[in-house]
Amino acid sequence: AQSVTQLDSHVSVSEGTPVLLRCNYSSSYSPSLFWYVQHPNKGLQLLLKYTSAATLVKGINGFEAEFKKSETSFHLTKPSAHMSDAAEYFCVVSHASGGSYIPTFGRGTSLIVHP
Amino acid sequence: GAGVSQTPSNKVTEKGKYVELRCDPISGHTALYWYRQSLGQGPEFLIYFQGTGAADDSGLPNDRFFAVRPEGSVSTLKIQRTERGDSAVYLCASSYTPATQNTGELFFGEGSRLTVL
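Top to bottom, those sequences are chains A and B. Going by this note's numbering, 11 is the number at position 11 of the first sequence; the sequence numbering is gapless. Count along the second sequence starting at 1, add 1000, and that's the number in this note's numbering.
Since the hints were derived computationally from the structure, they do not count as laboratory data. Source: prediction; values computed, not measured. Keep in mind that a hint or two might mislead.
DSBU-like cross-link-like pairs, simulated, lysine-lysine; straight-line CA separation at most 30 angstroms [claimed, not checked]:
(1) Lys1011(B) to Lys42(A)
(2) Lys68(A) to Lys58(A)
(3) Lys58(A) to Lys42(A)
(4) Lys1078(B) to Lys1011(B)
(5) Lys1015(B) to Lys42(A)
(6) Lys1015(B) to Lys58(A)
(7) Lys42(A) to Lys1078(B)
To list a few chain B residues with every Cβ distance to chain A over 10 angstroms, as calculated [said to hold, decoys possible]:
(8) Ala1002
(9) Thr1013
(10) Val1019
(11) Arg1022
(12) Gly1028
(13) His1029
(14) Ser1073
(15) Arg1081
(16) Gly1085
(17) Ser1087
(18) Leu1091
(19) Tyr1096
(20) Thr1115
We treat Cβ as the ideally placed atom computed from N, Cα and C, and that holds for glycine.
Excised from the complex, chain A in its bound form (with noise of 0.2 angstroms):
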């Protein structure tokens, strides 16, 4: 069984200031995880991707996240938001198991920024 938690229905940020986005995860075997962004009236867009290569990942748009196993979380941080990252976002754990690949999203992060 697999299952994400976001930690924060709503984060919001002033223009300029950091960004974190809190993501913890249970799963029975070694997991993929994975951002995506949905921007209003928008399709789900991948942000970057965990698979068990280098724990701190690097994403589009100055986004990163970093994976810590004895934490199971996989937060996702940006040194600097800008108005256009405004959006919601979700946490998504995956692994393969008996011939299955089923991503299981977390509810979502709505992101605010203010300027």
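Using the hints, position chain B against chain A.
Here is chain B on its own, set in the frame of chain A:
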């Protein structure tokens, strides 16, 4: 190249009616997923195809929901006797990576918004 295409983008129907939602994946992608996203929630898995066969349909909520992918490309999600609780955005995603590899990025369409009155 073209991304994942979903039609219709919006569908309004009456309770009890039959609905079909279509997904055209990226050419060459063998894996195809359907998810359902309700307001304020993350996408919820419905069904997964590897080629023409449904590799995992454990997320389909009941027997009113059915999906096909007869030629291993386009997929249709079919909902019979629609209920108001079926109102949601139905998302389709495709991936090149086979099920046995743990590295597959999903490419999503923009979704089909279903409203059941």
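Item to check | Hints the structure fails to honour | outcome: The structure conflicts with hints 6 and 18, although it agrees with all the remaining ones.
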